[in-house]
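Colleague: The lines below spell out each chain.
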Amino acid sequence: MPLPDYEKKQYKVTRTMPGAWYLSNYKYKFNLSRMRIMLRGFKEGKILGVKCRGCNHVSFPPKLICGRCLVMPDQWVTLPDTGSVATGSGSPRTDQETGEIVIDPVILVRQDGADTVWIHNLPENYSFHDVYIGMPIKVHWAEELKGLWSDIEYYDPIEDMGDKINKEELAKK
Amino acid sequence: MERIGIVGYHQVRPELDLQMSPYECIFTAVRGALDHAGLKRKDITTVISATNDYYDGKTISNCFKVSAGGAYMKDESKVEMDGAHAAQYAMFRILSQNHKLAMVYGFSMPSCMPFECTRILELDPTFDRPISLMNSYSTCGMQMRAYMKKYGVSEEQIAEATATNWKNAAKNPLALQEAQKADMTAAEVLKSDYLASPLRELMYPLLGDGCTALILAPEKQALKITDNPVWITGVGNCQETYYFGERDLTTSLSMEKASEAAYKMAGVKPSDIDVAELFGYTACEDIILAESAGLAEKGKGDSLVAKGCLNPSGGATSGMTPCATGLNRIIEAVKQLKGEAEEHQVSGVKKAIASGQIGFCAQNNIIYVLEGGN
Ligand SMILES: [Zn+2]
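Protein chains in written order, with the working numbering: chain R, 1021 to 1193; chain E, 7 to 380.
Be a bit skeptical, because a hint or two may be false.
Dumping the calculated DSS-like pairs for lysine-lysine here, alpha-carbon to alpha-carbon at most 25 Å [stated by the list, open to error]:
| hint | chain 1 | residue 1 | chain 2 | residue 2 |
| --- | --- | --- | --- | --- |
| 1 | E | K155 | R | K1083 |
| 2 | E | K306 | E | K155 |
| 3 | E | K230 | E | K80 |
| 4 | R | K1083 | E | K80 |
| 5 | E | K230 | R | K1083 |
| 6 | E | K64 | E | K226 |
| 7 | E | K64 | R | K1049 |
Honestly, the hints are just simulated from the structure, not real lab data.
Here the structure is a predicted model, which means the values were calculated and not measured.
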């Protein structure tokens, strides 16, 4: 009788057999309570963080539980749309069209007024060599705000916008 | 052994589809246990959890639960077994004198995962799994048939004990609502469909999402925290072989050894035990475990259920939360000792046992001897 083809004939004392090791489907439950308020804020172009009454730490995106105090933070605070790069790295990928290796910057953003960071993007084709810790950045909102995570498209570097900001400020006065 | 005190606990009432996220559920139990003991998070020095990567749908399941479990910046570890095993791990931490107060919790959300699939993955992958006939139901069925045949126990007797479990669950305010069947009868149990003959649908527990937390303290601290702690005076743990062919399913060797060790440590005899909260998947397994723990003569364990001293809370039948069921048994025994079990209180409980398990047909058992009083 021919041996089934999965047998490794060169082995004398062990054999392998095919098997599967997976857990069918899984459902992940999460709380809407915090996220719903944050997304409602996005729809109005607002950045909402949540402050813990125990330790005054502000988290953005809002956390469900403060690990320090073991309480559920419940004080909502509006944060400015500016922040800074807490740290960053480059993530290489192959460009589908040119076949070249492109390095996309990946950054951790600390929203001004928040004690936490979250991971986000810089504008497309922004060189990761130009990223540095402490680099000031600003939320780039989507054209139409829908109350979704994607309302914040990416963060714009703002260091070279001094002129523009000055002009805006002067115009207001 | 120095006595270890149980000074606080909280059980989130299990639900078939709990409207909480995992973190909120754990937070509720852990926060509740601290509040129950009148303690603060900073008082806890070590946190031991019982969770399972497969039940949580992520590897290193404990790393996500740090904040909710009160473990932020603390000594922390996980047991991928029953919550009752986590409690033993926490005890070791305290007895090593490196830690004072230990938080223990067990958690899972069966509404998110195919629990029976995870059980199939427990099976030997080369021989048992490909046959695809072995699973949680068929092993319970085989165990039940073997037990009934050996001791001449009838299906009716098992059904009667099962019905009592459902009725007991109705008196337990922390039982799964769907498990509270005050009017259950043996006849109705016997009318339900076979899952794996002789095991019927109503003989197998319902699974519920939940979390249970427990705070352990060394003797001196325990007496400072509460006037009436419940003491862990003995613990025993034993692992039997996996292979069914080597096991006598009509009894539980691992429970026999584990209980012997626990009784010896506590200096008690089986006849001293007033109430037992044992974790068996089925009423039949409850009975087998109780007999192996020396509470009844072999083949006569169902009398314990009838007397009301075996699983007055309904046992796992009151709602099974994988990873938390053993802790629930401990809490139920603690309540019995404190006289706080309300409707399902057994009178005059001085000494109790509680057990947890893992593996098919309770391959591994862990048992605690618990005593009240100062
Ligand atoms: Zn806090």
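Colleague: Now, for every hint given, state plainly whether the structure supports it.
Modeller: Against the structure, the hints:
1. E:K155 / R:K1083: Roughly 57 Å separates the two Cα atoms, so the pair is violated.
2. E:K306 / E:K155: 13 Å, holds
3. E:K230 / E:K80: The given pair, whose Cα atoms are some 22 Å apart, holds under the 25 Å limit.
4. R:K1083 / E:K80: This hinted pair holds, its Cα atoms lying about 20 Å apart.
5. E:K230 / R:K1083: 34 Å, violated
6. E:K64 / E:K226: Distance of about 39 Å is beyond 25 Å: violated.
7. E:K64 / R:K1049: Roughly 13 Å separates the two Cα atoms, so the pair holds.
When held up to the earlier numbered hints, the structure conflicts with 1, 5 and 6 and fits the remainder.
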